[in-house]
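Trainee: All chains, please: the whole structure from these sequences, using the hints.
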Amino acid sequence: MKRHLLATAVAMSLVLGAPAGAFAQGAEPRITMDLKDGWRFHLGDAASAERVDFPDGEWAPVAVPHTWNRVGYYTTPSPDRVNTPDTINKTQGTGWYRLSFTPSGDFKGRRAWLQFDAVSRRAEIWLNGQYLGRHEGGFSRFRLDATAALRPGATNLLVVKADNSKPAPGSSTADILPLAGDFFVHGGIYRKVALIATGDIHAEMLDHGGPGIYATTKAVDGTSAQVQVAIHARNSGTRKAKVKIVTRLVDADGRTVAEGTQSVNLAPGSTAKLDQPLSVTNARLWQGTADPYLHDLVVEFQDARGRVLDRVTQKFGIREVRVDAAQGLILNGKPVRLHGVGLHQDLEGKGWAMEEADIAKDVEIIREMGANTIRLTHYQHGPTIHELADRYGLILWDEIPLVSAWTPPGKMVATEGLIANARQQLQELIKQNQNHAAVVTWGIANEVDFGSTPVAPFIGITSGSDPAPLLRELRALSAATDPSRPTVLATCCEGGMFGDAEIPIVANEADLGGANRYFGWYYGKPSQLGSNIAALRAARPDQPLSITEYGAGGAVTIHTDDVMGGPVDARGRDQPEEYLSYFHEESWAILDARKDLWATWLWNAFDFATLVRKEGDAQDINTKGLVTYDRKVKKDAFFFYKANWNPAPTVHITGRRYVNRAYPVTHVRVYSNAPATELQLNGRTLGVRKDCPQKICIWENVQLDQGSNAVTAVGLFADGPVRDSVNWTLEAGSTRAFRIDSGALVAAQSGGGRFGSDAFFTGGTAGSVQPASGYGPPRPRKEVHGTADTMLISTYREGDFTYRLPVADGTYRVTLSFIEPAAAAGERQFDVIANGEKKLRSLDVAALAGAPMTMVTRDFKVKVTGGKLVLQFTPVKGQAIVSAIAVEAM
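Take the sequence shown: its letter number 655 is residue 655 in my numbering, and every next letter is one higher.
No false leads were mixed into what you were given.
Calculated pairs, DSSO-like style, for lysine-lysine (alpha carbon to alpha carbon, straight line, at most 30 angstroms):
no., residue 1, residue 2
1, Lys525, Lys634
2, Lys632, Lys350
3, Lys614, Lys525
4, Lys614, Lys782
To be clear, the hints were calculated from the coordinates, so they are not data collected in a lab.
Mentor: Written out as structure tokens, the structure is:
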């Protein structure tokens with residue numbers, strides 16, 4: 001296939017001579033016409049739509065960036081929802097675009113280039129009925145030579161066929177990455193389009209979308225620096241030309257700090273590749289967030305009389321980066337601890353068609369959190385975020401969409417087409433972004449080591465297939481294209497999390513290591529993360545290691561009273577916001593203590609669209625973001641990191657969206673980086689906490705008032721107090737009652753009063769008679785006989801356990817509900833003891849129920865003095881068990 005479509009990334013603000021929508025005159029050698037408005041769009045097949053005389057009057061008017069997809073919505077009703085079941089469009093197929101436009105007469109006699117920042121995932125382009133070519137890959141900028149087809153000063157017709165079909169053998173997208181992934185591939189022209197004019201002599205426009213000039217900091221020695229500039233000079237004309245090339249590095253005040261000049265004879269239709277060394281004295285370096293100083297790199301092509309034939313300007317930061325296995329990332333000789341987020345280019349209501357202002361807002365949110373690095377996943381992101389990262393000093397990990405699967409279904413090796421596409425997308429990624437100071441590494445794959453795990457069949461991985469040969473090829477290609485940056489990949493599965501599954505060890509196929517680890521979510525406990533990291537370090541002590549993903553789902557409308565009350569449902573609905581906070585508190589405690597990781601990235605900055613999830617309070621949304629899909633809610637965990645990463649004063653009461661409280665007492669947690677923090681309830685002080693570990697201040701067993709509870713935290717900073725307030729309510733029916741859904745992380749609804757999730761317990765384990773969520777179709781719910789509250793009674797706590805309830809003195813009725821999950825009569829017997837008095841003796845639930853899956857209840861009175869009710873469930877034979885506890889004042 002002839003691949004003359006190139007993606008270009010004007011990686012560091014390629015200056016095209018004129019602002020978008022205007023024409024440069026006189027001094028500027030380039031003209032740019034922004035092609036944003038006036039498009040017409042049709043979703044679906046449209047035979048002969050590329051023809052000039054095709055009638056498109058009934059097509060929908062659109063502007064680019066544009067996508068026809070809307071994917072993912074929150075299931076809780078809200079009047080301001082952008083995505084709803086009625087507005088969703090998950091179509092993966094073909095969309096047609098047509099644009100009539102009139103370029104200035106100044107385009108006459110020049111070379112004309114059509115530039116697309118991205119079209120997903122396959123594009124075919126016609127101009128005035130003439131086929132210009134196609135591009136395969138939905139994430140990179142590409143250009144087409146439109147000179148022969150363009151009519152300057154007259155009406156032109158541009159037609160684009162975009163195809164985001166899901167790859168399948170024999171399909172139009174069969175060999176286009178990604179083949180899999182936990183994210184939705186939106187269709188359309190979702191980034192900018194422009195028409196660019198150059199002279200015959202110009203920086204190469206067709207070098208995998210690159211700007212045609214590529215700068216590398218070769219050495220930094222004290223205050224001096226050596227910069228090497230590779231220049232691709234093109235003569236698209238029919239005559240040979242002698243060209244003088246002047247290269248300058250200009251500081252922010254407009255002063256030239258380094259300059260080089262050379263001449264070259266360009267044969268017609270040829271490209272010359274030249275190297276221009278620059279020596280900078282008293283260099284001001286790009287030092288990440290501490291000092292993200294940028295120069296202008298300006299390359300001019302001049303004729304014999306000094307007239308400028310072409311000019312390219314790029315933002316360039318002088319910096320030297322290396323990554324050490326023990327010290328981590330070292331920037332200009334100084335170690336920098338990297339902590340940040342993974343990111344998808346995804347926004348509710350817009351999908352991938354995000355405007356520059358949307359991207360800038362996302363970056364501001366990330367900076368507010370205090371992150372100093374972003375992992376751009378799982379594909380090439382656009383020029384805007386690269387430019388912003390340079391400006392603010394955010395370190396970037398770039399990667400190609402080689403995600404999970406690399407072979408067609410049922411095949412052992414990648415096709416030649418897939419290999420070629422992976423190579424193409426890697427070259428485009430590097431060429432378009434290698435001038436960015438922010439980019440430190442090229443990611444060549446993500447989670448291609450599922451092996452024979454239970455996940456593999458759902459991704460389409462053939463057991464026994466080996467990704468290593470492809471990874472080696474990509475690593476070599478990266479080193480040949482840009483030897484100044486190391487390669488990296490992210491693994492999922494090494495370390496025994498999936499039992500005896502065969503896992504291909506691929507981490508050594510890249511220069512740097514990255515590990516996606518979900519202890520406490522998909523497997524194990526958060527505390528196991530440390531030992532897994534230690535094992536990875538021991539296996540490859542000389543390879544720098546990073547944690548590239550760690551996270552959990554968190555629904556802002558689902559809440560728990562105790563994050564340990566029951567198992568989290570990683571593939572289902574029980575994903576309370578409080579568990580997300582707990583997960584990150586526990587994980588960051590481990591990661592922050594380790595000094596042998598070169599970076600950590602949590603997953604994810606924002607909720608994003610996918611087609612493989614029905615979980616939490618969302619449909620087709622991955623809820624691991626610390627900010628919601630619409631950017632309207634920063635989850636509690638966001639402020640945990642802000643308090644730890646951002647030195648700006650932060651005070652945040654957690655659980656703020658758990659407004660209607662189930663229990664009359666609660667622990668209050670506040671994320672605060674203040675030296676001292678005071679808590680107030682309805683105007684009365686509850687005490688001060690100082691220098692809270694991990695910036696988590698806790699007040700235990702706070703007694704709530706009936707009705708409204710105004711809770712205020714006051715951070716006592718040197719510059720003055722900072723306050724945060726929430727308002728919780730406690731209904732009258734809950735002021736002297738504790739109704740506990742035992743074994744439940746999220747309490748079920750009940751006709752017998754307001755229940756809270758399992759809390760106030762020590763010992764025992766949580767269980768359920770209902771099938772667990774998992775891969776594949778949902779399994780039917782089991783009914784519990786003898787009750788209308790099936791889900792309340794379905795969960796249970798069993799073992800040898802105790803509940804300690806902080807109740808007010810008085811007389812209470814205790815009602816206990818039970819179900820027998822599996823034991824036969826006589827196999828399970830236990831006592832129930834209340835404040836030392838044995839109330840139930842050798843209780844045998846199976847014998848009392850008389851039938852499987854049948855509820856049994858028992859109740860008794862108890863008098864409480866001293867403000868505490870202790871309920872002990874003590875095994876006599878087998879394990880004790882309880883499904884629900886109701887303690888109500890009499």
